[in-house]
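A.B. asks: One letter stands for each residue in the lines below.
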Amino acid sequence: AQKVTQAQTEISVVEKEDVTLDCVYETRDTTYYLFWYKQPPSGELVFLIRRNSFDEQNEISGRYSWNFQKSTSSFNFTITASQVVDSAVYFCALSEAGANSKLTFGKGITLSVRP
Amino acid sequence: DSGVTQTPKHLITATGQRVTLRCSPRSGDLSVYWYQQSLDQGLQFLIHYYNGEERAKGNILERFSAQQFPDLHSELNLSSLELGDSALYFCASSVVEGGLDTQYFGPGTRLTVL
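If you read the protein sequences in the order shown, they are chains A and B.
Going by our numbering, the first sequence wraps up at 115, each residue one higher than the last.
Going by our numbering, the second sequence wraps up at 114, each residue one higher than the last.
Bear in mind the hints are in silico, worked out from the structure with no lab data behind them.
Treat each hint with caution, since some may be false.
Unchecked claim - Quick list of the computed label-pair ranges, beta carbon to beta carbon:
1. B:T112 to A:L48: 37 to 47 Å
2. A:E17 to B:F69: 26 to 36 Å
3. B:Q67 to A:D29: 21 to 31 Å
4. A:D29 to B:G16: 40 to 50 Å
5. A:P40 to B:T13: 23 to 33 Å
Treat the numbers as computed from the prediction; the structure is a model and nothing was measured.
Glycine included, every Cβ here is placed at the ideal spot set by N, Cα and C.
Start from the sequences, fold in the hints, and give me the full structure.
C.D. replies: Written out as structure tokens, the structure is:
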């Protein structure tokens, strides 16, 4: 069975601080996919990134970066120089290999960025 | 805007009633997934349809059913509603890029059962 753990439930930072959101996953599959989604106060779920289990290269997109470490089953998300607009709930998710697979979500981390 | 549409945005109804939630996937996407987001259970997978056929079921109650029509839109039917069914219901459609599947979510339907 697949499981995603986001141990942090709420994080509060001041604008311009860097913040890291942790994600630990469990799966018996050798090939799998990891995702991060953002849920702003308006409620929609916004896709941020997909990472394949066979590609451990870290990724940077603007102020966002992701650190995938298979050895520790972690897929952490860092926001550099946080902004108030980053305030949202962030979900890490896991799916098994193959197309058309359901997502298993973590409980989410509520990030509040104060001005 | 993900390109996935869901109607209605909000729904308020009473216990024992039946409602239908509608989802239109992104153009060209054959897969539709339904998820339920509640305070108790978080985000949970309900059911997956691909090109009109049911592909997988998750924690979907027997009182709930879904279908995907030839034009690929999907409907989630919730019957004999209970207070605990109050939740945000999302649908997602997926596009396979390079053999990899990414789900894009609609804005959700917020269901309140009174």
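A.B. asks: Provide an ascending list of the numbers of those earlier hints which the structure does not satisfy.
C.D. replies: 1 and 2
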